[in-house]
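4 protein chains.
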Amino acid sequence: MSQMFTLESLNSLPLPAFSAAIGDVFEHASWVADAAFGHRPFATVAALHEAMMGVVRASPPERQLAFIRAHPELGSKVKRLDLTADSQAEQGSLGLDRLSDAEFKTFTALNEAYAEKFGIPFIICVRRHTRDSILKEFRRRLDNDADTERKAALDEIALITRLRLVARVDGPGKPKTEGRLSTHVLDNVSGKPAKGVRISLYEIGASARSLLAEALTNSDGRTDQPLIAGGPLRIGSYELQFAVADYFAANGTAQSDPAFLDVVPIRFSIAEPEGHYHVPLLVTPWSYSTYRGS
Amino acid sequence: MSQMFTLESLNSLPLPAFSAAIGDVFEHASWVADAAFGHRPFATVAALHEAMMGVVRASPPERQLAFIRAHPELGSKVKRLDLTADSQAEQGSLGLDRLSDAEFKTFTALNEAYAEKFGIPFIICVRRHTRDSILKEFRRRLDNDADTERKAALDEIALITRLRLVARVDGPGKPKTEGRLSTHVLDNVSGKPAKGVRISLYEIGASARSLLAEALTNSDGRTDQPLIAGGPLRIGSYELQFAVADYFAANGTAQSDPAFLDVVPIRFSIAEPEGHYHVPLLVTPWSYSTYRGS
Amino acid sequence: MSQMFTLESLNSLPLPAFSAAIGDVFEHASWVADAAFGHRPFATVAALHEAMMGVVRASPPERQLAFIRAHPELGSKVKRLDLTADSQAEQGSLGLDRLSDAEFKTFTALNEAYAEKFGIPFIICVRRHTRDSILKEFRRRLDNDADTERKAALDEIALITRLRLVARVDGPGKPKTEGRLSTHVLDNVSGKPAKGVRISLYEIGASARSLLAEALTNSDGRTDQPLIAGGPLRIGSYELQFAVADYFAANGTAQSDPAFLDVVPIRFSIAEPEGHYHVPLLVTPWSYSTYRGS
Amino acid sequence: MSQMFTLESLNSLPLPAFSAAIGDVFEHASWVADAAFGHRPFATVAALHEAMMGVVRASPPERQLAFIRAHPELGSKVKRLDLTADSQAEQGSLGLDRLSDAEFKTFTALNEAYAEKFGIPFIICVRRHTRDSILKEFRRRLDNDADTERKAALDEIALITRLRLVARVDGPGKPKTEGRLSTHVLDNVSGKPAKGVRISLYEIGASARSLLAEALTNSDGRTDQPLIAGGPLRIGSYELQFAVADYFAANGTAQSDPAFLDVVPIRFSIAEPEGHYHVPLLVTPWSYSTYRGS
Numbered sequence: 131m132s133q134m135f136t137l138e139s140l141n142s143l144p145l146p147a148f149s150a151a152i153g154d155v156f157e158h159a160s161w162v163a164d165a166a167f168g169h170r171p172f173a174t175v176a177a178l179h180e181a182m183m184g185v186v187r188a189s190p191p192e193r194q195l196a197f198i199r200a201h202p203e204l205g206s207k208v209k210r211l212d213l214t215a216d217s218q219a220e221q222g223s224l225g226l227d228r229l230s231d232a233e234f235k236t237f238t239a240l241n242e243a244y245a246e247k248f249g250i251p252f253i254i255c256v257r258r259h260t261r262d263s264i265l266k267e268f269r270r271r272l273d274n275d276a277d278t279e280r281k282a283a284l285d286e287i288a289l290i291t292r293l294r295l296v297a298r299v300d301g302p303g304k305p306k307t308e309g310r311l312s313t314h315v316l317d318n319v320s321g322k323p324a325k326g327v328r329i330s331l332y333e334i335g336a337s338a339r340s341l342l343a344e345a346l347t348n349s350d351g352r353t354d355q356p357l358i359a360g361g362p363l364r365i366g367s368y369e370l371q372f373a374v375a376d377y378f379a380a381n382g383t384a385q386s387d388p389a390f391l392d393v394v395p396i397r398f399s400i401a402e403p404e405g406h407y408h409v410p411l412l413v414t415p416w417s418y419s420t421y422r423g424s
Numbered sequence: 131m132s133q134m135f136t137l138e139s140l141n142s143l144p145l146p147a148f149s150a151a152i153g154d155v156f157e158h159a160s161w162v163a164d165a166a167f168g169h170r171p172f173a174t175v176a177a178l179h180e181a182m183m184g185v186v187r188a189s190p191p192e193r194q195l196a197f198i199r200a201h202p203e204l205g206s207k208v209k210r211l212d213l214t215a216d217s218q219a220e221q222g223s224l225g226l227d228r229l230s231d232a233e234f235k236t237f238t239a240l241n242e243a244y245a246e247k248f249g250i251p252f253i254i255c256v257r258r259h260t261r262d263s264i265l266k267e268f269r270r271r272l273d274n275d276a277d278t279e280r281k282a283a284l285d286e287i288a289l290i291t292r293l294r295l296v297a298r299v300d301g302p303g304k305p306k307t308e309g310r311l312s313t314h315v316l317d318n319v320s321g322k323p324a325k326g327v328r329i330s331l332y333e334i335g336a337s338a339r340s341l342l343a344e345a346l347t348n349s350d351g352r353t354d355q356p357l358i359a360g361g362p363l364r365i366g367s368y369e370l371q372f373a374v375a376d377y378f379a380a381n382g383t384a385q386s387d388p389a390f391l392d393v394v395p396i397r398f399s400i401a402e403p404e405g406h407y408h409v410p411l412l413v414t415p416w417s418y419s420t421y422r423g424s
Numbered sequence: 131m132s133q134m135f136t137l138e139s140l141n142s143l144p145l146p147a148f149s150a151a152i153g154d155v156f157e158h159a160s161w162v163a164d165a166a167f168g169h170r171p172f173a174t175v176a177a178l179h180e181a182m183m184g185v186v187r188a189s190p191p192e193r194q195l196a197f198i199r200a201h202p203e204l205g206s207k208v209k210r211l212d213l214t215a216d217s218q219a220e221q222g223s224l225g226l227d228r229l230s231d232a233e234f235k236t237f238t239a240l241n242e243a244y245a246e247k248f249g250i251p252f253i254i255c256v257r258r259h260t261r262d263s264i265l266k267e268f269r270r271r272l273d274n275d276a277d278t279e280r281k282a283a284l285d286e287i288a289l290i291t292r293l294r295l296v297a298r299v300d301g302p303g304k305p306k307t308e309g310r311l312s313t314h315v316l317d318n319v320s321g322k323p324a325k326g327v328r329i330s331l332y333e334i335g336a337s338a339r340s341l342l343a344e345a346l347t348n349s350d351g352r353t354d355q356p357l358i359a360g361g362p363l364r365i366g367s368y369e370l371q372f373a374v375a376d377y378f379a380a381n382g383t384a385q386s387d388p389a390f391l392d393v394v395p396i397r398f399s400i401a402e403p404e405g406h407y408h409v410p411l412l413v414t415p416w417s418y419s420t421y422r423g424s
Numbered sequence: 131m132s133q134m135f136t137l138e139s140l141n142s143l144p145l146p147a148f149s150a151a152i153g154d155v156f157e158h159a160s161w162v163a164d165a166a167f168g169h170r171p172f173a174t175v176a177a178l179h180e181a182m183m184g185v186v187r188a189s190p191p192e193r194q195l196a197f198i199r200a201h202p203e204l205g206s207k208v209k210r211l212d213l214t215a216d217s218q219a220e221q222g223s224l225g226l227d228r229l230s231d232a233e234f235k236t237f238t239a240l241n242e243a244y245a246e247k248f249g250i251p252f253i254i255c256v257r258r259h260t261r262d263s264i265l266k267e268f269r270r271r272l273d274n275d276a277d278t279e280r281k282a283a284l285d286e287i288a289l290i291t292r293l294r295l296v297a298r299v300d301g302p303g304k305p306k307t308e309g310r311l312s313t314h315v316l317d318n319v320s321g322k323p324a325k326g327v328r329i330s331l332y333e334i335g336a337s338a339r340s341l342l343a344e345a346l347t348n349s350d351g352r353t354d355q356p357l358i359a360g361g362p363l364r365i366g367s368y369e370l371q372f373a374v375a376d377y378f379a380a381n382g383t384a385q386s387d388p389a390f391l392d393v394v395p396i397r398f399s400i401a402e403p404e405g406h407y408h409v410p411l412l413v414t415p416w417s418y419s420t421y422r423g424s
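Residue numbers (this note's numbering), protein chains in the order written: chain A, 131 to 424; chain B, 131 to 424; chain C, 131 to 424; chain D, 131 to 424.
FYI, nobody ran anything at the bench for these hints, they're computed from the structure. Given the structure is predicted, the values throughout are model-derived calculations rather than measurements. There's no promise every hint is true.
Copies of the same chain look alike in the list, so a pair counts if it works inside one copy or between any two.
For lysine-lysine, the following DSBU-like pairs were computed, each having C-alpha atoms within a straight-line distance of at most 35 Å [stated by the list, open to error]:
1) LYS281 - LYS304
2) LYS322 - LYS235
3) LYS247 - LYS325
4) LYS266 - LYS235
5) LYS306 - LYS322
6) LYS322 - LYS281
7) LYS306 - LYS325
8) LYS266 - LYS322
9) LYS306 - LYS247
10) LYS304 - LYS235
I would like the entire structure built from these sequences, with the hints used as guidance.
Put into structure tokens, the structure is as follows:
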């Protein structure tokens with residue numbers, strides 16, 4: 131974990147210390163911090179990030195290209211040694227450093243096709259994606275032209291560095307980088323929040339599902355912690371499972387045998403990594419409804 | 131397929147023809163039909179069935195026991211040759227004649243334990259059950275005492291023979307032996323029935339799921355045929371899947387990318403084989419509800 | 131009530147009898163039937179009506195104008211003697227022959243303004259409207275130009291005569307002139323249709339509400355008869371009231387005191403007189419939902 | 131408005147000052163405060179209140195009776211001069227000091243019947259009731275026996291004085307005396323909170339309805355302030371009205387003309403004055419649902 135700075139202290143550091151502090155936010159490109167230094171003081175963390183991206187976007191095309199090319203390939207096993215610590219943590223969080231052979235082949239083939247067509251590595255802010263949505267994006271973006279992808283690479287770098295910066299710099303005006311997934315269970319037989327409902331959250335991949343969280347609803351029918359929080363949500367498919375038959379049995383509410391509703395699955399997709407997804411369940415032993423709430 | 135008789139014609143047949151017509155409804159026990167003959171004429175098919183069950187229930191204990199014992203073991207491979215055509219069809223419909231080795235062992239062990247404890251074969255109206263609910267019933271009933279199981283065997287025989295009889299005899303007052311599963315999709319954005327929604331129905335077993343039906347909703351938001359009909363519903367777990375993202379995309383209704391709701395799963399259990407289960411979906415791209423309707 | 135004819139018999143009548151049979155469907159204009167006679171035989175009732183409207187639309191402008199002008203003023207008390215029996219029944223059904231003095235003044239003023247601007251009486255198919263929607267249409271149409279209103283008058287005459295014709299002629303291909311309002315109550319605590327729920331239907335006018343129907347739900351949670359049927363629905367506002375607290379109390383379902391939900395009102399508007407409005411209630415003592423169903 | 135004290139300061143006051151501070155919390159009975167003084171120090175405001183009620187409940191029957199009798203009649207016009215300031219404010223909040231002649235007669239008759247039967251005035255914590263629920267309680271309690279009503283009077287006095295005490299004494303462990311009514315509108319077409327929905331809240335009396343609050347939903351689909359807060363909710367019937375057609379029209383969502391749903395009324399009763407009633411609306415132009423939420 132890198133050291134944390136306040137925006138205030140950053141604003142008062144001399145150039146070498148400033149660049150030492152946040153220079154590696156941009157992959158192998160401390161010149162970005164060097165040039166942004168001239169724009170001090172920064173009123174907000176967002177303004178600091180915009181200044182740094184402004185340096186990148188205003189740099190000559192060859193420099194931009196070299197900068198983009200200095201980013202690692204996605205899911206590469208061979209280039210593992212070149213990864214910065216941040217890149218490694220980001221890609222590792224998705225299991226991209228633990229790909230099966232078949233998946234590794236798919237990623238390798240896509241990486242090669244992309245590099246051959248565009249001459250740059252495929253860049254994407256992995257922390258905003260599931261493996262499936264990365265593959266989908268990979269395939270979609272392969273159909274673009276070079277200009278579009280040059281821009282897409284910079285946009286994704288902006289998303290990547292924004293996340294790195296807010297992890298490094300504390301201060302006012304942080305850009306919104308965190309999403310949240312929450313739920314709420316209402317028992318429409320008793321008119322009260324449903325307490326003690328076992329909830330499981332799965333990520334549903336094309337090939338597998340993985341358990342992300344388990345929780346028990348509290349006396350307000352909510353989970354003590356959001357189901358996902360503290361960073362961007364990953365674009366992808368999810369399933370919430372609510373063990374409602376056990377809940378109603380524990381409360382003595384009449385059900386059929388077997389219960390009409392046992393474990394209620396709610397399958398949904400997340401499209402906005404920085405959004406709030408509230409996915410409640412209103413339930414009786416014979417009915418339920420759900421919706422994207424707020 | 132056996133020959134079909136009308137209740138009217140049965141009422142007018144002489145004894146030998148009467149027993150030839152419906153004697154085999156009771157497994158290896160044409161004496162039941164012989165004795166029921168004296169109760170003619172029957173006003174309803176249900177009355178005929180009750181008369182036959184009355185003969186069984188009024189017969190001496192030893193005869194009842196011999197009658198019960200003449201029923202085949204469930205899922206037996208070895209005694210295949212002894213099965214009546216009806217028993218074979220009933221058990222085959224559930225795949226009990228195609229058990230895996232592990233399942234065969236489970237059934238064999240349960241059969242042996244049951245036979246040893248009660249001295250009679252485990253009898254259950256398989257057409258009203260999935261494999262999972264048969265196993266559940268098997269385990270539950272193993273805890274009963276002998277008297278309870280003697281009664282349970284006769285009750286199940288009543289259910290089995292009722293089904294056989296309505297398949298053999300046409301006439302007024304048929305007992306209700308058919309359940310029905312239907313659905314209905316309402317598009318709450320347009321206020322209209324959702325036409326063209328792809329629906330899949332699965333049976334969800336403990337170890338596997340199997341596709342039972344596929345359908346497309348018509349202009350009334352319903353399927354042209356019930357999802358299940360024409361016989362008892364099987365007690366067990368099911369999942370309906372509704373391809374709502376495709377539907378809304380085809381209708382130009384705005385959705386997120388990826389769609390918040392893609393394929394909506396509704397998982398439910400059936401407890402009443404002769405009941406009507408109407409399981410509708412009221413849906414927008416951001417919400418849905420379901421309930422046991424009528 | 132006029133005599134009923136079959137389309138088949140109409141097709142075979144000589145001209146005088148043909149016109150005697152349906153000549154008065156068009157107000158004071160038996161020449162329409164005379165001219166339509168030449169288009170026999172008619173395959174459907176709709177084709178007969180289209181032929182008659184075709185005669186009107188193809189007639190010279192002065193004749194059309196005279197024909198339109200022969201229609202009575204709406205809500206007129208003074209010209210009561212001139213009304214055909216059909217007009218009287220249609221306007222009477224809405225209480226337009228029992229207007230209060232204030233309402234009479236409003237109608238008189240609108241009639242005069244309309245007549246002065248367009249030189250024709252305001253024509254509207256009253257059986258498709260409530261008093262409020264007639265007033266709304268009156269005001270809306272006063273802003274039109276003369277051509278638009280000439281066309282509107284003919285369109286309304288088509289609607290009026292279509293209703294008269296289907297009341298006079300039986301046969302294949304009747305145009306759809308009947309709407310239907312129905313409901314359905316599901317008890318989501320028991321998972322069953324709610325039986326014995328008292329339902330009241332009100333028309334909600336700007337100045338008053340009037341009770342249109344009362345019913346008790348049957349064992350399928352529906353009313354034995356549709357709440358409105360047998361003719362066009364009237365465009366306007368309605369309120370259904372469901373006495374759910376009484377229902378749940380009668381069924382021993384726990385409620386608060388006083389009950390959170392007592393009489394549930396559902397207020398909605400009808401816009402399609404020939405449509406089917408199914409307005410169900412899914413209810414527990416603590417929640418409900420409704421939707422336009424099918 | 132009386133002076134506010136902290137529990138801490140009350141705990142350290144000498145007897146005369148202590149009784150001067152809170153003596154009038156109990157109607158014409160500063161002896162209650164005098165006797166409670168001996169139980170200092172009080173850890174919580176609730177403990178102080180319990181100590182005072184303990185004094186009342188432990189006092190000799192004749193003293194209790196005299197104490198009860200010193201309370202004013204409900205809705206009395208004649209005895210207006212005797213009312214303490216608190217009683218006047220409490221009864222005035224409900225309009226009990228502005229009764230019509232007919233209502234005054236009803237209250238007078240009930241007061242007389244009650245006084246004659248029980249020899250004490252009818253005491254009820256009016257701030258927890260609407261006029262209708264007071265009448266209902268009046269009639270219900272008239273059927274009780276004297277002992278039950280003596281206890282009921284003390285229970286209501288506990289509720290009345292609890293409210294007075296929390297208005298006078300600040301400190302830890304305040305008893306819960308405040309309820310809350312809130313709402314929330316979700317637009318299920320867009321999957322977002324509905325912003326800008328006009329909401330009206332009415333109290334629905336047996337004879338009249340009165341507007342209690344009007345609000346516009348904010349960007350979270352909620353009202354900036356709870357619809358009712360800051361004190362007990364009044365037991366009674368309410369109606370929320372949501373102007374959904376205007377909302378959908380402003381957002382360009384397709385509706386019929388007239389809109390199927392215009393102003394959606396949700397009628398409900400409050401039974402728990404200290405509870406939280408969250409009554410949300412999930413809505414499309416063709417459907418809605420509501421429930422008691424949390």
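Hint-by-hint comparison with the structure:
| no. | hint | verdict |
| --- | --- | --- |
| 1 | LYS281 - LYS304 | within (24 Å within a copy, 60 Å between copies) |
| 2 | LYS322 - LYS235 | neither (52 Å within a copy, 41 Å between copies) |
| 3 | LYS247 - LYS325 | neither (55 Å within a copy, 43 Å between copies) |
| 4 | LYS266 - LYS235 | within (16 Å within a copy, 45 Å between copies) |
| 5 | LYS306 - LYS322 | both (34 Å within a copy, 19 Å between copies) |
| 6 | LYS322 - LYS281 | between (51 Å within a copy, 30 Å between copies) |
| 7 | LYS306 - LYS325 | both (32 Å within a copy, 22 Å between copies) |
| 8 | LYS266 - LYS322 | between (42 Å within a copy, 26 Å between copies) |
| 9 | LYS306 - LYS247 | within (34 Å within a copy, 61 Å between copies) |
| 10 | LYS304 - LYS235 | neither (39 Å within a copy, 63 Å between copies) |
The structure does not agree with the numbered hints 2, 3 and 10 stated previously, though it agrees with the rest.
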